[in-house]
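Visitor: Sequence:
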Amino acid sequence: MFKKALAQAQADISDFLAAELARFGDDRVAQGMRYATDGGKRLRGFLVLETSALFGVAREQALFAAAAVECLHAYSLVHDDLPCMDDDDLRRGQPTVHVKWDEATAVLVGDALQTFAFELLADQRAGDADQRIELVASLARASGAQGMVLGQAQDIAAETAQAPLTLDQITELQGNKTGRLIEWPALAGAILGRADPAPLLAYARAIGLAFQIADDILDVTGDAATAGKALQKDAAAGKATFVSLLGLEGAQARAATLVAEAEAALAPYGEKAHNLAALARYIITRDK
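Residue 234 in the working numbering sits at position 234 of the sequence shown, and the numbers go up by one each step.
Quick caveat, the hints were computed from the structure, so don't treat them as lab data.
Each hint can be trusted.
No farther apart than 30 Å at their CA atoms in a straight line, the calculated lysine-lysine pairs in the DSBU-like style are these:
| hint | residue 1 | residue 2 |
| --- | --- | --- |
| 1 | 3 | 288 |
| 2 | 239 | 288 |
| 3 | 4 | 272 |
Produce the entire structure from the sequences given, and follow the hints as far as they go.
Guide: What follows is the structure, given as structure tokens:
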């Protein structure tokens with residue numbers, strides 16, 4: 001059931017984005033926006049759809065927030081892949097935007113996707129006025145200088161640090177860089193459902209950290225062709241990771257504990273949250 005639900009969410013979000021992005025025409029930036037948002041696991045968008053469904057929110061409404069976080073995530077990847085950042089040539093098995101076009105185009109594509117995310121949240125169909133304001137403000141906080149961007153800056157600083165980061169420092173870094181954009185979809189579902197966000201945020205914080213630990217494990221044990229991106233870059237750069245600090249078995253055990261915590265946080269929702277529980281388990285067993 002989970003795989004079917006995820007596939008349906010991927011299709012729905014892709015169709016929604018295709019329709020919304022069509023109005024931008026076919027210039028280089030518009031092409032890049034479609035290219036950068038094509039494919040991927042859509043886990044953040046799936047989280048919006050599943051958490052909002054707990055409260056009976058119409059899928060047609062929730063798709064605006066689901067597409068918005070996918071655009072925000074895509075922008076972050078386009079910029080993170082640039083030579084001045086993480087310098088990657090491959091993303092989702094395809095050339096990165098700056099490789100397919102050029103660096104200036106990649107910067108503009110990322111800028112356009114970021115602003116488009118907030119345009120989607122401001123659309124009248126995304127919710128009432130109070131909901132839209134809260135969605136916009138919360139995504140800005142999650143993705144900005146106190147969230148994802150802060151995490152990216154911490155990651156860059158770690159490359160030239162005198163000593164490798166400690167476990168607490170890596171946990172904080174990844175909580176900002178990766179975790180905040182996994183927490184936001186859970187918050188969005190609660191905003192749209194006018195519900196207490198606390199249980200869903202506890203769930204999302206657990207799977208956000210588990211997601212990054214799983215990424216570090218994949219970086220060691222995964223296959224680059226399957227993952228669709230370069231692997232073992234952190235080890236080559238001498239950067240500390242959850243695997244380097246905890247060991248492979250220790251990292252796997254920590255990820256499993258986090259999944260158990262995530263599942264426990266879903267208890268108030270009963271069987272309605274079965275896909276969210278399955279997502280937590282999927283996160284640490286995926287191969288890309």
